[in-house]
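Student: Protein chains in written order, with the numbering used here: chain A, 8 to 432; chain W, 86 to 408; chain L, 137 to 460.
Quick caveat, the hints were computed from the structure, so don't treat them as lab data. Positions of the beta carbon are idealized from the N, C-alpha and C atoms, including for glycine. What you were told as hints is all true, and nothing was included just to trick you.
Chain W is faced by these chain L residues, among others (derived, beta-carbon under 7 angstroms):
1) Ser195
2) Thr196
3) Gly199
4) Ala200
5) Ile202
6) Ala204
7) Gly207
8) Tyr237
9) Gly241
10) Gly276
Derived pair list, reagent style DMTMM-like, types lysine to aspartate or glutamate, alpha-carbon separation capped at 25 angstroms:
11) Lys216(W) with Glu163(L)
12) Lys116(W) with Glu10(A)
13) Lys290(A) with Glu230(A)
14) Lys116(W) with Glu69(A)
15) Lys339(W) with Asp40(A)
16) Lys346(W) with Glu58(A)
17) Lys27(A) with Glu334(W)
18) Lys339(W) with Glu53(A)
19) Lys27(A) with Asp332(W)
20) Lys218(W) with Glu163(L)
21) Lys118(W) with Glu58(A)
22) Lys27(A) with Glu10(A)
23) Lys218(W) with Glu185(L)
24) Lys339(W) with Asp48(A)
25) Lys218(W) with Asp164(L)
26) Lys378(W) with Glu58(A)
27) Lys378(W) with Asp40(A)
28) Lys116(W) with Asp40(A)
29) Lys118(W) with Glu53(A)
30) Lys339(W) with Glu69(A)
31) Lys356(W) with Asp40(A)
32) Lys216(W) with Asp155(L)
33) Lys116(W) with Glu55(A)
34) Lys116(W) with Asp34(A)
35) Lys116(W) with Glu44(A)
36) Lys27(A) with Glu341(W)
37) Lys347(W) with Asp40(A)
38) Lys27(A) with Glu340(W)
39) Lys216(W) with Glu297(L)
40) Lys347(W) with Glu55(A)
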Amino acid sequence: MTEFLMPSLGADMTAGTLAKWRVATGDTVQHGDIIAEVETDKGIIEVEVFESGVVQRLLVSEGERVPVGTALAEIGTRGLGIGPSGTGSEPEAGVILSHGASDVPLGGPMASPAVRRKAHELDVSLGRVRGSGEQGRITLDDVRSAALPAAASSERVRISPYARRIAAERGVDVSVLRGTGPGGAIQASDVLSAKAAPPSKPASSAERMQNAIAAAMTRANDEIPHYYVEHTIDMGNALAWLKEVNATLGVSERLVSGVLVLRAVARALQKHKKLNATWQAGKVVPSDEVHVGMAVSLRGGGLVAPALRNTNQGSLSDLMARMTDLVSRARAGALRSSEMTSATTTVTSLGERGVEAVTPIIFPPQIAIVGCGATLERPWVVGGQVVARPVMRVTLGGDHRVSNGHEGARFLSALDRLLQEPEEL
Amino acid sequence: MDISRDHALELLRDMIRIRRLEEKSAELYSKQKIRGFLHLYIGEEAVGVGAMHALREDDNIVATYREHGQALVRGIPAAQIMAEMYGKANGCSGGRGGSMHLFSAERNFYGGHAIVGGGLPIAVGLALADKMKGQSRVTACFFGDGATDEGEFHESLNLAALWQLPVLFLCENNEYAMGTALWRHVSDRNIANNPPAYGVPADSVNGMDVVAVERAVHNEAELVRETSKPRFLELKTYRFRAHSMYDAELYRSKEEVDEHKKDDPIEGFQKRLLKEGLVEQSDIDTIEDAAAKEIADAVEFAEQGEWEPIEDITRHTYARNLS
Amino acid sequence: MTTYRDAVRTALQTLLREDKRAFLMGEDVGRYGGPYAVSKGLLEEFGEERVRDTPLCESTFVGAGIGAALGGMRPIVEVMTVNFSLLALDQVVNNAAVMRYMSGGQFQVPIVVRMATGGGKQIAAQHSHSLENWYAHIPGIKVLAPATVQDAHDMLLAAVEDPDPVFVFEHQMLYGIDGELDTTATPPSPWKALVRRSGTDVSLIAYGGSMHKALGAAEELGKGGISAEVVDLRSLRPLDRGTLLDSVRRTHRAVVIDEAWKTGSLASEISAILAEDAFYDLDAPIERVCTLEVPMPYAKHLEEAAIPQVDRIVDAAKRSMGGD
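Using the sequences and the hints given, assemble the complete structure.
Tutor: Structure representation (structure tokens):
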């Protein structure tokens, strides 16, 4: 059985209208017979069929306009085919339907799969994008705009490209120069005659990082009224469960307790939304998504706290793999900008260093931080008896502008409960 | 008819080969295998076949964009013509030209020209080179009735006559310049009246009769060869299909076309040959079968052909790449 | 010392003597001795077969030149001026430029077309065009603009040798200039630009009839303490980007002088090249000095004002230097 397709009748023809059928179902056609009249921009053209056989089905109705290449009819090699009559049958697979809203509903903001893909590619959180499409749909352009860095607010200096280049090389501040070039622009001679800045050794990257941390911590200390709530969590159940699970996994897949803590923190944040937000321009900006930042110390000094995005989602194994990847990329300096900027709360764990507790400082613009000490065997009371249990001291630092001790305490209780049932994480 | 059986079969075979090639090209165009513009020679086969058989292998040929017939009979394999129309690298112009620009250096086939009238000065130049080199070749230049409107037609006749250049001007008058009938675009419908004004002898022949065409072109070509002076021959013909694939033929009636189809050069020739007992139906069947196979093989060749790698796109812009 | 026209004639003589495939064809090249006296005496020396007077049919005699080149000859077609060449543009653009490419490399068109170009002789709007940029726009052909007596000779020889179509533009104001001609020296490649005068402050980039004005401007600027470098483009297609960029990367300023109208000019093309590849070396906006956007007027003072002159070049250079 062959298909008779809408033919291309010219170099710029993209579609044609089936003006009139010259055959009906059941008719026998020979190679070269006129099978239909097609209307194009240039007029009606009789179209011949190149196959011989019996017309089985007419797929397109008279008056319908379809793209070149669309199947118009089915031609069988023998006998009458069974099927609906030729006129006005619904368009079949060969006819191209316009793509309607065939989006997979994923919940959350209205965005097509293509837009979601782009958002993922550009590391744009859809929850933060305002949709400019119909009924607030997020478009590709919306995603692209959201991915752009904020425009520099500095005033533009009129300076020639060459002068700018040598100014940069010499560390000359062009904003203080007077230009003598065309139109008063700064030209090379203006740069060369300016007093060059004392040759300073450019800061090493370690120095720069230290400076950045210093700035952030100073700001946190200055701006954020911290309160602290502390709790000790019995990690026995969690560790026992881990041991069981890890026995069944290969070395590279084994889970560490840190990942349980991260997942538990994320789940707790889902319930205690007040702690899952950021402080921007004098206001709390809550977040629907939970991105827990992990403080990672770098070799050679330095500290970064990239976000494990959507920490509450996926399996624990997935989270473990993502955590491992994040840490190695953090150490290799290969973090994505979204990871650097999207954390809603941070967990800093000094357990590996063997200390019991840490009283951490919040990383602005976040409004909470969770500090974990080492999990150590300590005397504990179970059922009236003193036993040795592995316990971990957890300290929540909160921004008192946003939350208070009660809320912090409830959060830590939730965290505790979650860690008692590790299989639910 | 004063013609041998063998030669009759040759002429018939070549006309049928052209007809089948053109029909297949039409089919492939509507399936988008061949793109751009496609100008079919259906109805005009006697002109291409008669003329090309009358000319010698080493004569130069300059033709128009409706040149598949001339190209095929000149000896460019159907496979290479088809591959060229597909745009494949194994086409006769390397996929660079398409249907309107078939070229073959080894067969002295200088294209394949899409600008109406644009080939005439080239023909004059080729003849000039031959004359300066002392070669007794004819440069045959095919063009349509539309070309006789262009300034270059008149300039070329004048220059060829003035410098006595061996050009044979062959006007394939199919009565239409695209969609404009002859009487709507020339002030004197008898095109053959023009050339003598420039000192170029002109004649006319029925272009639907392949034997008459061959005889006329042969005579003219030999005169050009001997005298090294230009001559003009009008071949009165008719195209049964549209100007190109994308033409609704609003400018002429179906009745007119049907009337001319009665003079189909292939049917007419076949009928005469059968009537005179020069050929039998089985000969025709053999020819048709062979043509069908030739065309099928050509399509296969084209289908299998490779696309030129895009990295080579600048090749042949100049003799050597400029860098 | 030789004149520019004599230098061209010398080259033609050499070609006609040494290459049997070469011949000259154009209006009034024979009996008239050439409209600019370039081919004076050639008909007598080489005869009618090699020096052919054509009827007035630019399209067909350029096309015939293409056909003859296809047929193995090396025709040197003279189109009296670029103004008349418009009639032959179809043959140039649709035949000469594309034959090699369109045939998949089977055919070549080794034609040379020489044309007088430019204005300055008060021959008004239909006789004063500078359309080198129209030709330099087309892939498949090459374009040369000899500005010196030496180049007028050397470039023609190279053009006829070349297997591709070459268009040689001879500015009509240059035919009478004097210069040195050494026919024995090995010429530099015609496809390269040359620095005619070294400088450090600004690059004056010019071709053809404007080149000597650029030299004049450099002289004047030098008196005022500005060291101008003069780059003679010589080849308009292909453009020698290397020499161009090297100059501007050293001087950091560019003034492009082009007798064509500014819009869509070669000066625009060169500005784009500099903006693309020398952006971080530019210390001032690029200046273009071109003919005013008017049809060429007849009256002397108007024509002078329209065409780039030394004073406009000097002004442009000073503007790019800035200062108070």
